[in-house]
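The residues making up each chain are set out below.
Number of protein chains: 2
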Amino acid sequence: MKTRSANRSILIVGSVALDDIDGPFGKHPDLLGGSASFISRAAAYFTDKVSVVAVVGHDFPSQYLTEMDALGIDISGIERADGSTFHWSGKYSDDLSSRETLDTRLGVFATFQPKLAALHKRAELVFLGNIDPVLQLDVVEQTEAPVLVALDTMNFWIGGKRADLLKTLRKVHTLLVNDEEARQLAEEHNLRKAAARILKMGPSSVVIKRGDAGALLFHGGGVFGVPALPLEDVRDPTGAGDSFAGGFMGYLSYAGNLEPATIRTAMIVGSTMASFAVEKFSVDGLRGLTSEAIQQRFDAFTELTKFDSIRL
Amino acid sequence: MKTRSANRSILIVGSVALDDIDGPFGKHPDLLGGSASFISRAAAYFTDKVSVVAVVGHDFPSQYLTEMDALGIDISGIERADGSTFHWSGKYSDDLSSRETLDTRLGVFATFQPKLAALHKRAELVFLGNIDPVLQLDVVEQTEAPVLVALDTMNFWIGGKRADLLKTLRKVHTLLVNDEEARQLAEEHNLRKAAARILKMGPSSVVIKRGDAGALLFHGGGVFGVPALPLEDVRDPTGAGDSFAGGFMGYLSYAGNLEPATIRTAMIVGSTMASFAVEKFSVDGLRGLTSEAIQQRFDAFTELTKFDSIRL
Chain A
1 MKTRSANRSI LIVGSVALDD IDGPFGKHPD LLGGSASFIS RAAAYFTDKV SVVAVVGHDF
61 PSQYLTEMDA LGIDISGIER ADGSTFHWSG KYSDDLSSRE TLDTRLGVFA TFQPKLAALH
121 KRAELVFLGN IDPVLQLDVV EQTEAPVLVA LDTMNFWIGG KRADLLKTLR KVHTLLVNDE
181 EARQLAEEHN LRKAAARILK MGPSSVVIKR GDAGALLFHG GGVFGVPALP LEDVRDPTGA
241 GDSFAGGFMG YLSYAGNLEP ATIRTAMIVG STMASFAVEK FSVDGLRGLT SEAIQQRFDA
301 FTELTKFDSI RL
Chain B
1 MKTRSANRSI LIVGSVALDD IDGPFGKHPD LLGGSASFIS RAAAYFTDKV SVVAVVGHDF
61 PSQYLTEMDA LGIDISGIER ADGSTFHWSG KYSDDLSSRE TLDTRLGVFA TFQPKLAALH
121 KRAELVFLGN IDPVLQLDVV EQTEAPVLVA LDTMNFWIGG KRADLLKTLR KVHTLLVNDE
181 EARQLAEEHN LRKAAARILK MGPSSVVIKR GDAGALLFHG GGVFGVPALP LEDVRDPTGA
241 GDSFAGGFMG YLSYAGNLEP ATIRTAMIVG STMASFAVEK FSVDGLRGLT SEAIQQRFDA
301 FTELTKFDSI RL
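From first to last, the protein sequence lines stand for chains A and B.
Quick note on numbering: the numbering used here labels position 10 of the first sequence as 10, and the sequence is numbered without any gaps.
Quick note on numbering: the numbering used here labels position 243 of the second sequence as 243, and the sequence is numbered without any gaps.
Rather than coming from a laboratory, the hints here were simulated on the basis of the structure.
The C-beta atom is built at its ideal place from N, Cα and C for all residues, glycine as well.
Mixed in with the good hints there might be a few duds.
Mimicking DSSO-like on lysine-lysine, the simulated pairs with C-alpha atoms at most 27 angstroms apart in a straight line are [what the hints assert, rightly or not]:
(1) Lys193/B to Lys27/A
(2) Lys193/A to Lys280/B
(3) Lys171/A to Lys121/A
(4) Lys306/A to Lys306/B
(5) Lys193/A to Lys115/B
(6) Lys193/A to Lys306/B
(7) Lys306/A to Lys200/B
(8) Lys161/B to Lys91/A
(9) Lys161/A to Lys200/A
(10) Lys280/B to Lys280/A
(11) Lys193/B to Lys306/A
(12) Lys27/B to Lys193/A
(13) Lys121/A to Lys91/A
(14) Lys121/B to Lys91/B
(15) Lys200/A to Lys161/B
Chain A is faced by these chain B residues, among others (derived, beta-carbon under 8 angstroms) [said to hold, decoys possible]:
(16) Leu65
(17) Asp95
(18) Ser98
(19) Leu191
(20) Pro230
(21) Thr302
Bound-form chain A, shown alone (with noise of 0.2 angstroms):
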């Protein structure tokens, strides 16, 4: 799948974490997490031109960036600080629909203050993980023309630093956000009044991840939806939405342009790479897939939603 020559580079901004889960199947400490981690290996699928640049410390298990290196993930602008790595601990319920955080260390996060590269400069798509919308418009603000920038942020931010969340939506495309923090950006229930108040903030395109209800894309083509596919086994919804956002981003940079339908695919993408994530811990469920696998499980998203059309 990586020898199109249509690829565009990627760069992701992000957090590379240990985290401690707790749920239903036991308690699970020191898992590789953090929304970089998954966002790059699930779109090193798609593509061999993923840059992350992000900070981990001292106690970071060097294994995770060799394999990282190995997927052909560009780990050069991962900084390994003087401290202890972003730690999140959080417990779900036994049904898994919901998940309370237990602890967050912030560690080397904290002063987390990302420098690009010139390789970084010059990457063609940029993907800005949940930080501080401050360090979000400089990391804009860094690189040189990228064809689009993909942000995602949370409820934190969207209270606490609106301002500077709204003159950074000023220069982002496309915005990754969940149900709740769309209403909460728009301060507007109705999802499509929400989504409508969000593509004049900048954006222009709003996607909206709901999971297990699935995601929503609102831009230029129209409103597109698609279900979550129900699945056997869910394990750990951690990660979801980043593998989401890097099956989409991946897919983007695959398909080498960003035309309304390949924007759609690229949701089935992101839905695809979600639902391979909830079904093992951490990224394990991002690990060793297959061209075959991937495709077949695209093609579930097909066989799931279609049905023939009618003439009244």
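Starting from the known structure of chain A, arrange chain B on it as the hints suggest.
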């Protein structure tokens, strides 16, 4: 749309009620409600062979019966009994995402004991609205040889009359429930596993209605999923599931077969009719729709969900 000779007759047994609705758009007392009111009106757009068996009280406005008759719905099975019409009062949250029941007065519905006339016994498609499963079974046993029996139920019966419901389900082809009801019936949170369990209880198809998360169908033809159409104006979700059921059954009558592809299309027609219903109060959203309007809304689902396949 009503001229196809293949049209199959539909019998709907359910409630015809008066509702008091409170919510973000103010108080609306004494609205026409009840499952059979929505189902029959939605179905009547697709077939002229809709019969309703229900009961109303002395206080039920005759104009609603006159209207049903004018729509070509057979109301000979709607009995006017001595007492008050079933009356439900509910209050929606400001964002319409949840509701609480303020009052339920069963009135004449408390002693409803459906007795089918000869015409109704011969119905080809039977829809058993959400009533006591003992009565639902009694209705099925009165029918002669329906090609499809569909059933709706609720938490009250799943919890309180489980054994009776399970007995009834053995005579049912299609179960239509919401996600919480499916989980409660199957005693399983995972919807795919829950559907698999329900398919062992008798039905050969399970339709799971998920409100603004769309709907899922599990049957021999695999899994089918449709997102809800994101609507600009939602005023009253009451009757959305019943309008879905009406469109679903109406299209099955119209198509004249029960092929897997037909059932998928019926899911879209159901979603279409539900999308009209929630835009206005009571059955107003289902009033006066043209074939063109229904076709256009159906096409909006095609447009919402279409995407190109990929070959990796």
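Hint-by-hint comparison with the structure:
no.	hint	in the structure
1	Lys193/B to Lys27/A	holds (24 angstroms)
2	Lys193/A to Lys280/B	holds (18 angstroms)
3	Lys171/A to Lys121/A	holds (15 angstroms)
4	Lys306/A to Lys306/B	holds (8 angstroms)
5	Lys193/A to Lys115/B	violated (48 angstroms)
6	Lys193/A to Lys306/B	holds (22 angstroms)
7	Lys306/A to Lys200/B	holds (25 angstroms)
8	Lys161/B to Lys91/A	violated (35 angstroms)
9	Lys161/A to Lys200/A	holds (19 angstroms)
10	Lys280/B to Lys280/A	violated (44 angstroms)
11	Lys193/B to Lys306/A	holds (22 angstroms)
12	Lys27/B to Lys193/A	holds (24 angstroms)
13	Lys121/A to Lys91/A	violated (38 angstroms)
14	Lys121/B to Lys91/B	violated (38 angstroms)
15	Lys200/A to Lys161/B	violated (52 angstroms)
16	Leu65	violated (27 angstroms)
17	Asp95	holds (4 angstroms)
18	Ser98	violated (12 angstroms)
19	Leu191	holds (5 angstroms)
20	Pro230	holds (4 angstroms)
21	Thr302	holds (6 angstroms)
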